[in-house]
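Asker: Chains as they are written, first to last, in the numbering used here: chain E, 2 to 365; chain B, 2 to 365; chain Y, 2 to 365.
These aren't lab readings, by the way, just hints derived from the structure by calculation.
The model shown is predicted, which means the values in this text are computed figures rather than measured ones.
Hints may contain errors.
Pairs count within a copy or across copies, as identical chains cannot be separated in the list.
Heads up, simulated DSSO-like pairs for lysine-lysine below, C-alpha to C-alpha not over 30 Å straight-line [what the hints assert, rightly or not]: (1) Lys15 - Lys361; (2) Lys361 - Lys329; (3) Lys5 - Lys329; (4) Lys280 - Lys145; (5) Lys121 - Lys206; (6) Lys280 - Lys5.
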Amino acid sequence: MLLKNCWYVAAWSKDVGRQLLERTIANEMLMMYRTEDGRAIVLENRCPHRNLPLSRGALIGDRVQCGYHGMEFDPHGRCVHAPGEDDTTLQWACVRSYPAEERYGWLFVWMGNPVLADPKAIPDFHRHMVDLEWYSVTGQAFAKCGYRLVLDNLLDLSHTAYVHTSFSGNPEVAELAKVNAEVVDGMVRVTRLMRDIPPAPAFVKYGGYNGNINRWQVGRYSAPSFIYIVNGSTPAEQSLDSIDTTSSNGRWGWEVYHAVTPETDTTSHQFWAVSLPRKFLHESMHQEFDHQAVVVIDEDLAIYEAQQACINSDQNPLASDVSDVNAKGALKFDDGLLKVRGIIRRLYAQEQRVSTEQRKAEAH
Amino acid sequence: MLLKNCWYVAAWSKDVGRQLLERTIANEMLMMYRTEDGRAIVLENRCPHRNLPLSRGALIGDRVQCGYHGMEFDPHGRCVHAPGEDDTTLQWACVRSYPAEERYGWLFVWMGNPVLADPKAIPDFHRHMVDLEWYSVTGQAFAKCGYRLVLDNLLDLSHTAYVHTSFSGNPEVAELAKVNAEVVDGMVRVTRLMRDIPPAPAFVKYGGYNGNINRWQVGRYSAPSFIYIVNGSTPAEQSLDSIDTTSSNGRWGWEVYHAVTPETDTTSHQFWAVSLPRKFLHESMHQEFDHQAVVVIDEDLAIYEAQQACINSDQNPLASDVSDVNAKGALKFDDGLLKVRGIIRRLYAQEQRVSTEQRKAEAH
Amino acid sequence: MLLKNCWYVAAWSKDVGRQLLERTIANEMLMMYRTEDGRAIVLENRCPHRNLPLSRGALIGDRVQCGYHGMEFDPHGRCVHAPGEDDTTLQWACVRSYPAEERYGWLFVWMGNPVLADPKAIPDFHRHMVDLEWYSVTGQAFAKCGYRLVLDNLLDLSHTAYVHTSFSGNPEVAELAKVNAEVVDGMVRVTRLMRDIPPAPAFVKYGGYNGNINRWQVGRYSAPSFIYIVNGSTPAEQSLDSIDTTSSNGRWGWEVYHAVTPETDTTSHQFWAVSLPRKFLHESMHQEFDHQAVVVIDEDLAIYEAQQACINSDQNPLASDVSDVNAKGALKFDDGLLKVRGIIRRLYAQEQRVSTEQRKAEAH
C-alpha cells in the first residue's frame, strides 16, 4: 500500500552532490545528483536502451552519461546524445524526471503524477534541524520492514517504557499516561500527558531532575509518513497551566523529526533527527547524547524487523496485505495509529480510483 | 505434509529454563520457558497486539511481558495486564498455549487439537539416555531438508556402507544384509541381519573384534517421526539362537534415538542420542566416540541437504509435494521407508478430513 | 527462452577428469567425468532412487557409484548394480546420458533430443586456442544474468568506448565506427570499421602505435551462443584495400572466443579466450596482458549483473520474458543483436512446436 502522489524524503541534502547517488523509493529505482549550479536532480535510474542503472555512468557537466553505450541525458531526462546516431531526438530515449525540492536539509521527491506536485505541501516541521540555536543529532536508518510498522511505533510512545529504558522510558510512561488522539488540520495528533512520575534516565542525566516530573509527548503525523514529536517536562510541583504542551519543551525536553520513506513494500528508509535547544545540553554531553540517540533508533529497528519476520511467517494471516501489522485487536493507545492507517487507506483508495479512471480515459 | 495431532520433541529439557527460548515447529513460532516451580511452558511466539515475538520480551515471575508495549501473558496464554487498559480481560488478547510434557530429557509438545493430546502416547524408547548404567552422547542438528528425508535415511541403513565408512559401515552392510520390514504394534520395524561379515571400523576399535562377526540393526519407527535403532553383534562363530536381536546388543553394540521435528516443510530439527552400556566403552575412549557420533550426523546432514537441493531443482518433478523424495522407483531395501511414508500419508489424510469436517460444522 | 536442441560448452576439457564435476546447464543438473580410456561422459546428476546428486558419489572404473546407497551406473547411465537386489536390470533405474564431444579444449554437450545431435554442427572458430603459434589467455566466468545479456554485450562493441577504457576503448570506437550487421551463412556478422582514430591504450602498449590507426572489429554469432571476434588494425596512413578484415588482424590485433552457456534463466557460464599471434606480444608482456584480459571480463560482468538487477526490479516491464533486456527502443548499433535475438526466438518457437507435436503424437 505505497502512496505515490506525495512528497517523500529521498536523501539528506548533504549526500547529494556531483557523485551519482542511487536509491530505490516506492519500488522505483532513482538516481540523484546536483547540476553545476547546485540544483538537485532526481531521475529514473534505468537507461531506456539496455537497462543499465544510469548511476553506474558518469556526470558530464549537467548531463548523465550511461556507463554502457554512452547515451547522454539532460536534467529533464531527455536523451541529448547517442553515439553513432544522427538523430539525437529519439522519442523513446528518455528517463523519467521527478519533481524535487529541498527544505532544511532534506531533499524531497514527488513520486506520482508530476502535475499534482505542489511544493507548498512540503512539510517544514523539521526546521530546527538547521537552527543554530538548536543542537541536532541526525541519522539515516534502513529498516527491513514496511513503513507502517515504523509509523505505528512513533504513534504509540508507550513503547518507550519497554524499549528505551536506558533513555526516555520507565514503566510510568505506559501505565500512567493520559492519551488523546485527534485529527487536527488534516494531521493526526497524539497527546500523552504524565503527571508526577519519576524521571526516566535522560531526564536525570541531561535534564538535571532528581524529583518527580510532569511530562508530555505530543506526536504529529502528516501524510504520507512524516512524524514530529515534542517532548517536554516540568518539575511535578509546577503547574502545567501556563505551558502550551503542543509546542513547548517546558523546563527540559527535545523534539524528534522522522521521515519514513518506503523502499519496497517490506523495506524502508528512515531519515531522523533529534533536536533540542542548545541551552538544554551542555557541550560536554554532546557525544554521549549523540550515541544515545543512535541506540534508541537501533532498539526500534530490532523491534520492526522482528515484527516483520513474525508477520511474514504467519500461516493464517488476518490481513490480506502482508506488510500490514496483522493485529488481532486494538488497545486504547492504538487510537492514533489506527487513525493514521485510516488516512493511508483512504489516500491509497483515492489514488487507485484516479489511476483506474485515467486508464479508462486513455482506452477511449 | 506436516502432521499436527501428534507429539514432537520441541527441545532438550536442559535447554528450557528462565530464558525465553524461541523455535519454529511445523511452521508455527513457539516460545518456551519454565515457571518458577519448574514446569515447562510452550506458548505461541507472537503478540496478538503488534506481532512482536514474545521471546523478545521478559519473564516476570511466571508471566511473559511483551517487549514492545508491555502486555503480560500467563502460562495459559491469557493476557493478564495491558498498560493503559482498565479491562484486563481482553478476549482477543491471548496467545495459544500448547500441551507440553517431559520424558527422559526431552520436552514434547502437542501441535494439534489440545483435546486430543494424550500423554500416554508419548514414547519412552529413549529412556537409556538418563540411565546411569549407560553412556550417552547427545546432540541437536538443524537439517535444511524436509523431515521425511531424515526418516528415509534412518529406515534404510544400507547407506551406512557408503556414508559412514569411518564408523559403522563397510560394503557387506549393504550387500549381505537380510532385510525384513513389518508393521508391529502400529510401528514399522526394519530388521537387518548380516552373518559372517568383516567388522566395520567401530567394531574393531571399540568392540575389540579382529575376526568376522554376525551383526544386526533393528530400527523402529513410530509416528510422527521417532526412530529407535538397536545395533548388536556377536563373533561370527557364535550362534544367534539365544539372542533376542530386537532388544539385545549382543557382545557389542549400541542404540540410537532420533526425534525428527519439522521446522518448516523443507527444514527440520533433529534431536539425537547414541547410548551404549558403559561396559562397552572404556572411559579413555569417550572423547573419541563422542566425536565420531557427531561425524556420523554431519555425514548424513550433507546427504539430506544435497538431496533437498536436487529435489528443489527438478524441472519435471514426479511428486506434487516438493518436499517429498521424488523417487523414480524403489529397491527392496525401501520396503520399510515406504511403509512409513504410507503411515504418514494416512495420518495426514485423516487430519485433513477431520479439519474439513470441523470447518463444515462451524459453518452451520 | 533456453534452447535445448543445440551444443553448449559444458566445461574446459582440462577440468574434466577422474573427479566427478557437477554443473547445471539450461536448468538441468549434470555431472562429468572421464572413463579410464579418456572419453568424456556427461550424465544427469540425480540418482533416480533417492535424488542424491551422483557427483557426491565415487568413480569406480568407468562406473559412478551413488554416495548414498551404492547403486552403480555405467557411462550410458544404466544401473548395473544395486546392493541387495537380485535383478540389476531395473528399468526405472537409469539416468540420462548426454551426447558429448570435445573440440580444441572445450567439452560440448547436447541438451536436447539425442537423435538430433550432429557432431558436424559443433563450431571450430576457437581452434587458435590450441595453436602453438598463437598465445592465448583463457578463463571462465559466472554471470548472474540471462545469457542474452552477455550476447548483447559482445554484439555491440561500442560499449568498449565506455566500459573498457584501460584496454581497448576510447570514445572514437563508439562515435566514429561504420557498423554493418548482416546474416552470413546462418551466422550474424557485425563489422565495425574505424578510420584514422587515436589508438586505445592496448594499441599503444602492446601494439606499439604512437599515431592514429585504422581499426576493425568483426564479430560473428552462431547459435545458440557462440561469439568469435576478430580485432585488427593498421597505421592510419596505410590502405585497407589489401586486407581481408574478416579474418586478418592487420599489423596488430587479437581474436576473442566466447561460449555463453545458460545455467538457469538468469544465470550463465561464460567460457572465454583471447588469442593473438605470438609475434604480436613480447613474452615479457604476457603476465600484464593476462591480467588485462581478466579486468575486461570483470568490467563486463559488473554491467551484466547491474542490468539483470535493474530488469528484475522493473515494476512495469515491457517484455514478458523477465530475463530479456526490456529495452524501450533500439539504436542503429543494435542491429546485430536484434538479428541474433530474432534467430533465438525463431529457434525457440521451432523447438516448442516440435515438442508440442511430439506430446500429441505420444498421446495417440
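Asker: Hints first: check each against the structure and report whether it holds.
Answerer: Verification of the hints:
1. Lys15 - Lys361: Intra 42 Å, inter 62 Å, cutoff 30 Å: neither.
2. Lys361 - Lys329: between (38 Å within a copy, 24 Å between copies)
3. Lys5 - Lys329: both (29 Å within a copy, 23 Å between copies)
4. Lys280 - Lys145: Classified as neither; 36 Å inside a copy, 55 Å across copies.
5. Lys121 - Lys206: neither (40 Å within a copy, 59 Å between copies)
6. Lys280 - Lys5: neither (40 Å within a copy, 62 Å between copies)
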